[in-house]
Amino acid sequence: MKHTTTITTLLAASTALFLINCKGGGSSTSGGGTSGGTPGGDPLAVEFPPELIEGTPKPMNVPNLVQVPEKAPTFLVPKGTALLSKGKKVTSSDDNPIIGTLDLITDGDKQAGEGYFVELLDGTQWVQIDLEKSAAVHAVCLWHFHSQRRAYHDVIVQISDDPEFKTGVTTVYNNDYDDSSKLGKGSDNPYVESRFGLIADGKGTKGRYVRLYSMGNTSNEMNHYIEVEVYGIAQ
Amino acid sequence: MENTPSNIPRRDFLQRATAGVGAGLVLGVPNILRAADAAPSKKINVALVGHGKQGQVLFDAMKNIPGLHFQAVCDIWDYNRGAGVGHVYAVEKQKPKAYADIDEMLATEKGLDAAVIATPDFWHSPHTVKCLEAGLHVYCEKMMSNTIEGARAMVVAAEKSGKLCQIGHQRRSNPRYRFTLDQLINGSKICGQIINVNGQWNRAVKSSQDIAYKPSLTIKPEVLAKYGFKDMHQFMNWRFYRDLSGGAISDLGAHQIDIFNWFLGAVPKSLYATGANSYFKNREHFDNVMALFDYETPQGLVRAFYQVLTTTSAGGGYYESFMGTEGTIKISENSSATEIFKETSPAPKDPTVPVDPNAKIPPLSWDGLVQRGLLRKQAAAPKPKTEGVVDSRVSAPPEGFALPGELNKPPHQPHLENFFAAIRGEAKLNCDARHAFLSEAPIYYVNPSALSKQPIVFTPEQLSV
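As you go down the protein sequences, you meet chains P and X in turn. Basically this note's numbering = 1-based index in the first sequence + 100. For the second sequence, position 111 (counting from the first letter as 1) is numbered 104 according to this note's numbering, and the numbering increases by one without interruption.
Since the hints were derived computationally from the structure, they do not count as laboratory data. A quick note: this is a predicted structure, and the numbers were derived from the prediction, not measured. Some hints here could point you the wrong way.
What the hints assert, rightly or not - Below are the DSS-like pairs computed for lysine-lysine, each with C-alpha atoms no more than 27 Å apart in a straight line:
id, chain 1, residue 1, chain 2, residue 2
1, X, 56, P, 158
2, X, 323, P, 158
3, P, 171, X, 199
4, X, 207, P, 188
5, X, 199, X, 56
6, X, 207, P, 186
7, X, 156, P, 158
8, P, 158, X, 199
9, X, 207, P, 189
10, X, 56, P, 282
11, X, 207, P, 158
12, P, 282, X, 86
As the list claims (entries may be wrong) - Partial list, derived from the structure: chain X residues whose beta carbon lies under 10 Å from chain P:
id, residue
13, 46
14, 73
15, 75
16, 78
17, 80
18, 191
19, 194
20, 196
21, 199
22, 203
23, 204
24, 209
25, 305
26, 306
27, 403
By construction, the Cβ of each residue, glycine as well, lies at the ideal position given by its N, Cα and C atoms.
Here chain P stands alone, though its shape is the one from the complex (with noise of 0.2 Å):
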């Protein structure tokens, strides 16, 4: 699994293999449930969905991990930011869903547990939004999966207004600590997800289509989301 070094380790007389695992490091600055956004702006309203965690959480090997926030975050937005992408076409690089539709990741519904969700290849994949026009995006809020403690690896959010994504790019969110994902290494600190989600701040950046990225967690090699949502100022 990603960020793991592993080194081979004699055993003399054993009878077992073992690994020795030598831990990745990485930079970091903000995590999951973050708190900020504009000054003075007026607080995002977003619906976070209840809780409800299955079985025995799994060891979430990641170097500085920004653990589940203990309440709601608080994320500031300037005044007339609305919901932009509820119902908006979703594409992806993976067009044929391992499990559930892309539709999904627009609906509305935020839910934990089977049939919310949907399940994508593994490697790195990416979903994307057409919000139809260009806005200036304040907020991407996005929940991969909450019903099991994991982090997702190379968590990447950009914005553009070229549905190719080749010109005008701008990364708003980036936690690919050591670039494995080859596209630039980010600063941001991987996350535990939650029911309250990521919220990262779109800074304004003006895009018509928002573009998020992951490689995997670290409970399997898929890549899921459940909901993405965007806010922003229709231009």
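For chain P, the structure is supplied; the task is to place chain X on it using the hints.
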């Protein structure tokens, strides 16, 4: 799919990953691993029976094993079936045949070699017996059944069919566990005389909630009834119901009580258990259970305590702790919860006890084990304060040690590798149905003891097939 920079085609990635594992093999690797990493001599056609959460965990472990072809997926829920088809397609780039009914699958599919069963517990025995009788080798999740009669039927069917039947006590193939038993406990005897065993699985109340589902995905009532479920809640949460499962002591406790029996090389002579619905009052099964087992082992009497709590995670999660006169090994599938302690004042060696001439390796001292890389010494514990000591007989803190490494595969993968290697004739099963039964049998009596509030002194008939 766009070819993003790190989007390595899955097959290429798996081949590279497998090669990496193979390249990391070292001397003394057990046959189960060596066989699994070698080029497979024969493709094995597998049916996935049950593709819910645990079925998907097993698939995640199997997809890294070379030489498997996932030919069919069977699940009564179209949501799980679709996921199974998608998971197989992602690996093989071809879709498996999908079935809602296992009888239809077995009647239709030709050339199947093995079935991997991860259905609810009350279906384990019927599904295993059907597959064995159809000529398939079977890997079935533990518990073997929700009843001891069901488990017995699996042993009988396996031995009558001549097919392999591995039960999913995956720790039995975990190199960390095998190393601990073979090298540390039996080989170097670092625990001295093991007198007590303690184990637990403590799960937070918020991790023990009912499993939710999108109402639009509800299975038709007639389909649920056909397969033994009264409604969708029961289908999703079958672990809470007495007719469908053994509850927490079975779901969680079976893993660790199996380790008690395996490591001690014995089964308990008696049992006393207690349990209650202290929090989840509407569930049929207890939400917390505590059990005491008494063993007679070659090295003496051993008393074991086990608790499974679904109402708190405090106390270190899940582990098994073997406590002896010279040291304690607390082992867990979660490597971060594994700890080893050396008594600061170990019992003197009994000079009348002869050295075992059949020991696989000569007994090593703690320092010798560290020097040979078989143990890692942890930082010294802080010395106890002299002020405020309430009892002058308090023991000094023991020295801490750790296992020298971690498993580099999903926890279930070595056990599945062992199963498939055994099918190829390259290994012996690490947990066949008969051995699993011997270990599981006492567990079927925990709930009856707790319900009756009576101890049970086992008769041979109670614990035998």
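Results for each hint:
| no. | hint | in the structure |
| --- | --- | --- |
| 1 | X:56 with P:158 | holds, 19 Å |
| 2 | X:323 with P:158 | holds, 18 Å |
| 3 | P:171 with X:199 | holds, 16 Å |
| 4 | X:207 with P:188 | holds, 21 Å |
| 5 | X:199 with X:56 | violated, 31 Å |
| 6 | X:207 with P:186 | holds, 19 Å |
| 7 | X:156 with P:158 | violated, 34 Å |
| 8 | P:158 with X:199 | holds, 15 Å |
| 9 | X:207 with P:189 | holds, 21 Å |
| 10 | X:56 with P:282 | holds, 26 Å |
| 11 | X:207 with P:158 | holds, 25 Å |
| 12 | P:282 with X:86 | holds, 26 Å |
| 13 | 46 | holds, 8 Å |
| 14 | 73 | holds, 9 Å |
| 15 | 75 | holds, 7 Å |
| 16 | 78 | holds, 9 Å |
| 17 | 80 | holds, 6 Å |
| 18 | 191 | violated, 18 Å |
| 19 | 194 | holds, 7 Å |
| 20 | 196 | holds, 6 Å |
| 21 | 199 | holds, 5 Å |
| 22 | 203 | holds, 8 Å |
| 23 | 204 | holds, 6 Å |
| 24 | 209 | holds, 7 Å |
| 25 | 305 | violated, 13 Å |
| 26 | 306 | holds, 8 Å |
| 27 | 403 | holds, 9 Å |
Hint violations for this structure: numbers 5, 7, 18 and 25, all remaining hints satisfied.
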